[in-house]
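K.L.:
Chain residues, written in single-letter form:
2 protein chains.
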Amino acid sequence: MTPPETPPRRRGRPPRAEAGDGPGARERIVAAARAEFAERGYDGASIRAVAKGAGVDPALVHHYFGPKERLFAAAVEAGLAPALAAAAALPEGGRDDVGERMTRFVLGLWEDPATREPLLAVVRSAVANETAAAVFRELVTDRLMLPVAGLLGVADARLRAELAAAQLVGTAMLRYVIKVEPLASVGFETVVARAAAAVRAHLTG
Amino acid sequence: MTPPETPPRRRGRPPRAEAGDGPGARERIVAAARAEFAERGYDGASIRAVAKGAGVDPALVHHYFGPKERLFAAAVEAGLAPALAAAAALPEGGRDDVGERMTRFVLGLWEDPATREPLLAVVRSAVANETAAAVFRELVTDRLMLPVAGLLGVADARLRAELAAAQLVGTAMLRYVIKVEPLASVGFETVVARAAAAVRAHLTG
Chain S
1 MTPPETPPRR RGRPPRAEAG DGPGARERIV AAARAEFAER GYDGASIRAV AKGAGVDPAL
61 VHHYFGPKER LFAAAVEAGL APALAAAAAL PEGGRDDVGE RMTRFVLGLW EDPATREPLL
121 AVVRSAVANE TAAAVFRELV TDRLMLPVAG LLGVADARLR AELAAAQLVG TAMLRYVIKV
181 EPLASVGFET VVARAAAAVR AHLTG
Chain F
1 MTPPETPPRR RGRPPRAEAG DGPGARERIV AAARAEFAER GYDGASIRAV AKGAGVDPAL
61 VHHYFGPKER LFAAAVEAGL APALAAAAAL PEGGRDDVGE RMTRFVLGLW EDPATREPLL
121 AVVRSAVANE TAAAVFRELV TDRLMLPVAG LLGVADARLR AELAAAQLVG TAMLRYVIKV
181 EPLASVGFET VVARAAAAVR AHLTG
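Residue numbers (UniProt numbering), protein chains in the order written: chain S, 1 to 205; chain F, 1 to 205.
Hints listed in this document are in silico derivations from the structure and should not be mistaken for laboratory results. Any given hint could turn out to be false.
Treat identical chains as interchangeable: a pair holds within one or across any two.
Stated by the list, open to error - Taking lysine to any residue and the SDA-like style, the derived pairs with C-alpha atoms no more than 25 Å apart in a straight line are:
| id | residue 1 | residue 2 |
| --- | --- | --- |
| 1 | Lys68 | Asp156 |
| 2 | Lys179 | Thr131 |
| 3 | Lys52 | Leu120 |
| 4 | Lys179 | Phe105 |
| 5 | Lys52 | Val30 |
| 6 | Lys68 | Leu139 |
| 7 | Lys179 | Ala85 |
| 8 | Lys68 | Glu39 |
| 9 | Lys68 | Lys179 |
| 10 | Lys179 | Pro118 |
| 11 | Lys179 | Leu151 |
| 12 | Lys179 | Glu69 |
| 13 | Lys68 | Pro118 |
| 14 | Lys179 | Asp142 |
| 15 | Lys179 | Glu138 |
| 16 | Lys68 | Arg40 |
| 17 | Lys68 | Gly22 |
| 18 | Lys52 | Arg143 |
| 19 | Lys52 | Glu111 |
| 20 | Lys52 | Pro182 |
Bound-form chain S, shown alone (with noise of 0.2 Å):
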């Protein structure tokens, strides 16, 4: 999921100052892109536009990210980078309670804002399109599955990781998507209490 440090070489014109590269052009263009999924989806999403609202020539866009998915899945990367921070130190804590701290991580994630946009730009877009749920599959299972299903020490540790997101991912669905009363409006608490006892028996039950 990384993008390379590097950017591809392609065929045709290097990119020049007139296209708009320059110190911040990558940055710029992720920005945008970011923007432009959220707003239209996967498939909707143009190329013309993610160019336009960074400043830069179409060309410049492809130079960089080459396909349309790998410039999804860095818009991904990007929107959730501190969420992929934190979830790289979930299994710091051990065996023990790792159920819990997935339960509130995850869940965490939805209760803010700021991080809840841009998941739910994700899910629309996996929801609807099968490369940007091939790049959403790659994003979770690299970053949540494994690391937890690593702690379990299981022969079935990965089915129970899934099995122990699912409940998390449907809670998230219902109580921030979908809205049904009353998992919609009762407190972050209750809900993490409740979820971290079934995400607790997958995993270790």
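For this one, chain S is given, so just place chain F on it according to the hints.
P.N.:
The following block gives chain F in isolation, referenced to the frame of chain S:
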């Protein structure tokens, strides 16, 4: 959620044969609406395209269904009619193994491609649009949450039913939509057994 038996009377000219009204017109409109919402989602769907698909005048679509959200609700109901009939029978088996029956019922809908497609169309619309989310919310509340909660006889029955449903919604998302492995490929009975354990704990634990 049930569409009115008698179509609401609206102002303006009554529908005429040349507008495409006649035996089966209502059913043709619903079928065309299902296809249109499934293909374009709630926001992208057009009444004009539905009318064209049904071979009627757009005014006749409005005459029968009123605003877009009523047409969406009718299309969802029609798409999930067999599922909703089965949901109505869920409480009949009593409280003891309602968790197992609820799990088998919901995951069974997703396992069968014939019911998976209309469900996926609803989920796509509901994650992208607040109005579609409200239609979906009303449907799952009336047809699944309330009947199951009614069996439990405890004060927090609705919250329990919703957390149980969250396990199933999330399992469906990760197995059938995002397709994380091994959850996407493991046998149906294994998934039912694992998910049912969590559902049971939420409902009656």
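K.L.:
Now tell me, hint by hint, if it's right for this structure.
P.N.:
Tested hints:
1. Lys68 <-> Asp156: Cα proximity of Lys68 and Asp156: none, with 35 Å in one copy and 46 Å across.
2. Lys179 <-> Thr131: between (27 Å within a copy, 12 Å between copies)
3. Lys52 <-> Leu120: within (24 Å within a copy, 33 Å between copies)
4. Lys179 <-> Phe105: Cα proximity of Lys179 and Phe105: in one copy and across copies (20 Å, 22 Å).
5. Lys52 <-> Val30: Answer is within; shortest intra-copy Cα gap is 12 Å, inter-copy 40 Å.
6. Lys68 <-> Leu139: Classified as within; 16 Å inside a copy, 36 Å across copies.
7. Lys179 <-> Ala85: Between copies, since 24 Å is at most 25 Å while 28 Å is not.
8. Lys68 <-> Glu39: Result: close both inside a copy and across copies, 16 Å intra and 21 Å inter.
9. Lys68 <-> Lys179: between (32 Å within a copy, 21 Å between copies)
10. Lys179 <-> Pro118: both (18 Å within a copy, 21 Å between copies)
11. Lys179 <-> Leu151: between (33 Å within a copy, 23 Å between copies)
12. Lys179 <-> Glu69: Between copies only: 17 Å across, 30 Å inside.
13. Lys68 <-> Pro118: The answer is within: 18 Å in one copy meets 25 Å, while 28 Å across copies does not.
14. Lys179 <-> Asp142: between (29 Å within a copy, 14 Å between copies)
15. Lys179 <-> Glu138: Result: close only across copies, 10 Å inter versus 27 Å intra.
16. Lys68 <-> Arg40: Both. Shortest intra-copy (14 Å) and inter-copy (20 Å) distances satisfy the 25 Å Cα cut-off.
17. Lys68 <-> Gly22: within (21 Å within a copy, 47 Å between copies)
18. Lys52 <-> Arg143: neither (32 Å within a copy, 47 Å between copies)
19. Lys52 <-> Glu111: Close neither inside one copy (32 Å) nor across copies (43 Å); limit 25 Å.
20. Lys52 <-> Pro182: neither (43 Å within a copy, 41 Å between copies)
Violation of the numbered hints given earlier is confined to hints 1, 18, 19, 20; the remaining hints are satisfied by the structure.
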